[in-house]
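Which chain is which? The protein sequence lines are A and B, in order. According to numbering that gives the first Met the number 0, the residues represented by the first sequence are 0 to 389, in order. According to numbering that gives the first Met the number 0, the residues represented by the second sequence are 0 to 195, in order.
Hint data in this document are derived by calculation from the structure and do not stem from the laboratory. Where a beta carbon is used, it is the ideal one built from N, C-alpha and C, also for glycine. Hints may contain errors.
Stated by the list, open to error - In the DSS-like style, the derived pairs of lysine-lysine whose C-alpha atoms are separated by at most 30 Å in a straight line are: (1) A:K48 x B:K179; (2) A:K75 x B:K179; (3) A:K75 x B:K7; (4) B:K129 x A:K48; (5) A:K263 x B:K114; (6) A:K128 x A:K385.
Claimed, not checked - Derived Cβ-Cβ restraints for the label pairs, each shown as a range: (7) A:R126 x B:Q71: 46 to 56 Å; (8) B:T161 x A:A29: 50 to 60 Å; (9) A:R38 x B:Q71: 54 to 64 Å; (10) B:L119 x A:R126: 28 to 38 Å; (11) B:R138 x A:A326: 19 to 29 Å; (12) A:R225 x B:Q71: 52 to 62 Å; (13) B:L134 x A:T366: 24 to 34 Å; (14) B:S139 x A:E224: 22 to 32 Å.
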Amino acid sequence: MTDKPLTIGFIPLVDAAALIVAVDKGFTVAEGLDVTLVREVSWSNVRDKLNIGLFDAAHLLAPVAIASSLGLAQVKVPIIAPFNLGLNGNAITVSPALHAAIMAEAEGDAVNPLVTAKALARVVTLRRKTGAEPLTFGMTFPFSTHNYQLRFWLAAGGIDPDEDVRLVVLPPPYMVDSLANGHVDAFCVGAPWNSIAVDFGVGHILHFVSDILARAAEKVLAVRERWAQENPLVLAKLTRALGRAADFVEQLENRAEVARILAKPERIGVDAEVVQRTLDGRLKVSPDGTFRESDRYLLVGREGAGRPDPVQAAWLYAQMVRWGQAAYSSDALAAAKKVFRPDLYDAALGSPAGVLSNIHDGLGAFTGANFNASDIASYLSSLAIKRRPV
Amino acid sequence: MAADSSFKIVIVDESPIRAAILKEGLQEAGFTSVEHISEMHSLLARIYALDPDVILIDLENPSRDVLEQMFQVSRAVRRPIAMFVDQSDATSIQEAVEAGVSAYIVDGLKKERIKPILDLCISRFNAFAKLQDELDRTRSALEERKILDRAKGILMKMKGLTEDEAYVLMRSTAMREKKKIGEIAQSIITAAELLK
Numbered sequence: 000m001t002d003k004p005l006t007i008g009f010i011p012l013v014d015a016a017a018l019i020v021a022v023d024k025g026f027t028v029a030e031g032l033d034v035t036l037v038r039e040v041s042w043s044n045v046r047d048k049l050n051i052g053l054f055d056a057a058h059l060l061a062p063v064a065i066a067s068s069l070g071l072a073q074v075k076v077p078i079i080a081p082f083n084l085g086l087n088g089n090a091i092t093v094s095p096a097l098h099a100a101i102m103a104e105a106e107g108d109a110v111n112p113l114v115t116a117k118a119l120a121r122v123v124t125l126r127r128k129t130g131a132e133p134l135t136f137g138m139t140f141p142f143s144t145h146n147y148q149l150r151f152w153l154a155a156g157g158i159d160p161d162e163d164v165r166l167v168v169l170p171p172p173y174m175v176d177s178l179a180n181g182h183v184d185a186f187c188v189g190a191p192w193n194s195i196a197v198d199f200g201v202g203h204i205l206h207f208v209s210d211i212l213a214r215a216a217e218k219v220l221a222v223r224e225r226w227a228q229e230n231p232l233v234l235a236k237l238t239r240a241l242g243r244a245a246d247f248v249e250q251l252e253n254r255a256e257v258a259r260i261l262a263k264p265e266r267i268g269v270d271a272e273v274v275q276r277t278l279d280g281r282l283k284v285s286p287d288g289t290f291r292e293s294d295r296y297l298l299v300g301r302e303g304a305g306r307p308d309p310v311q312a313a314w315l316y317a318q319m320v321r322w323g324q325a326a327y328s329s330d331a332l333a334a335a336k337k338v339f340r341p342d343l344y345d346a347a348l349g350s351p352a353g354v355l356s357n358i359h360d361g362l363g364a365f366t367g368a369n370f371n372a373s374d375i376a377s378y379l380s381s382l383a384i385k386r387r388p389v
Numbered sequence: 000m001a002a003d004s005s006f007k008i009v010i011v012d013e014s015p016i017r018a019a020i021l022k023e024g025l026q027e028a029g030f031t032s033v034e035h036i037s038e039m040h041s042l043l044a045r046i047y048a049l050d051p052d053v054i055l056i057d058l059e060n061p062s063r064d065v066l067e068q069m070f071q072v073s074r075a076v077r078r079p080i081a082m083f084v085d086q087s088d089a090t091s092i093q094e095a096v097e098a099g100v101s102a103y104i105v106d107g108l109k110k111e112r113i114k115p116i117l118d119l120c121i122s123r124f125n126a127f128a129k130l131q132d133e134l135d136r137t138r139s140a141l142e143e144r145k146i147l148d149r150a151k152g153i154l155m156k157m158k159g160l161t162e163d164e165a166y167v168l169m170r171s172t173a174m175r176e177k178k179k180i181g182e183i184a185q186s187i188i189t190a191a192e193l194l195k
């Protein structure tokens, strides 16, 4: 028996892999689901079409699901996430000029984000002395992991992201052009855009986001809470299909096929080879052909990546408070955590057995105190640079 | 609605034709101050300079996300109250989204006063979509015509048929195989090219 057709929105990015593979490899059909994927051009569209019911579900930035549930900057529509489509997967890419400037100031191994952040702080100071324009960093959305990851890194080096540099929103397809023509000096974005900038010789990948946080929730499968209550069986089937697809994506022998599926024009529309680099976590980081490898670059199903972790939701909410997007309240913190629903994941797929990750606070930030999801107030007060006192 | 004519409206649209259709409609309705922005690189600077009361942006424009940030951090442009209206008016939001238009209302406007603008935009967007659709249909009809003519030519030459006989042969084949005549014509052309 087939349920009523589902419409699911997505943005053409590699971290939509589990969703695209679930549909295009027939994992959804095997569950009796009839799913149509709709490619979208902006996160605002995805959010609005989900909120008003034009989409049943969506590939969504994890922080947007939280912001929508809390009614931040938009109408309040409670959203839940029974499946995490990916951990990590973003990178920070800088122009060749900024890369050279950071390297000239770096004291130590530039793979260490603290070394580059401090070097960047010196570059910022030098530029101010010479009267140069502040550096401009592109990211994808105000409520995005990219925004928070950039800010976390900048602030760790002593840079105030709102005072010392400019952070601007850029749609991902415009990132590479904007770096090439000098509209931005750097950006933080998901795959494939970092690799494309390197291939065009206009950027250096300075950091994988996994250098900054070992486990960062990135995109989730988002549905309206009300829809989830009305369609529990459909949601369980969808979650199961995504779980199977995520496992499929992670099998090494399937990688080439997955890359071909994602590369199709109606999905992401780039070279399969570029997609595969991301899946393999082996990226060309410099136009001179230097490669870097990390087994944490993008986690689709490994280490329990698909199971939503409320600690991650708490961290994202803490960033919203830190940067003045949300006021702190314990109710809002509880509401944010409830967006991520490991219980629904477990009900559909079974709880993962054994220890899947050795990151003990669930985040593994490169600097600062361990994150405590039940006491974000003292976590925030330990941070020097922030917009709003808690 | 005399006071409304003082509203400053900005249209953000990469399609010059659609923007012109919208602008004309708004001006006919008495909104005299309507500006069109088509260049996305200077989007924020232009909006800051114009300081509009209402911003209309087409949903296919990726720069919608850029506007979201502007409303968050901007001191120059006041915060939007919501997309279109509040949640109680879900139908009108849905209609607008289906038509492909998104409106941001900057603080200080009552939703009753934005409704006529939005309604007008929805009907204009739908009119544009119809126009586009007709254009596409005409174009594909022309395209099919060309294919039919080429296929007819091939049949006439290879089988010594008249033009009418060639057409009848294609039509009966199409009916027999339950295909469109355009598909049959295309396969004749493909086959002829392979056999060249």
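Hint check:
{"no.": "1", "hint": "A:K48 x B:K179", "in the structure": "violated, 36 Å"}
{"no.": "2", "hint": "A:K75 x B:K179", "in the structure": "violated, 49 Å"}
{"no.": "3", "hint": "A:K75 x B:K7", "in the structure": "holds, 28 Å"}
{"no.": "4", "hint": "B:K129 x A:K48", "in the structure": "holds, 22 Å"}
{"no.": "5", "hint": "A:K263 x B:K114", "in the structure": "violated, 41 Å"}
{"no.": "6", "hint": "A:K128 x A:K385", "in the structure": "holds, 24 Å"}
{"no.": "7", "hint": "A:R126 x B:Q71: 46 to 56 Å", "in the structure": "violated, 25 Å"}
{"no.": "8", "hint": "B:T161 x A:A29: 50 to 60 Å", "in the structure": "holds, 55 Å"}
{"no.": "9", "hint": "A:R38 x B:Q71: 54 to 64 Å", "in the structure": "violated, 26 Å"}
{"no.": "10", "hint": "B:L119 x A:R126: 28 to 38 Å", "in the structure": "violated, 48 Å"}
{"no.": "11", "hint": "B:R138 x A:A326: 19 to 29 Å", "in the structure": "violated, 54 Å"}
{"no.": "12", "hint": "A:R225 x B:Q71: 52 to 62 Å", "in the structure": "violated, 27 Å"}
{"no.": "13", "hint": "B:L134 x A:T366: 24 to 34 Å", "in the structure": "violated, 57 Å"}
{"no.": "14", "hint": "B:S139 x A:E224: 22 to 32 Å", "in the structure": "violated, 44 Å"}
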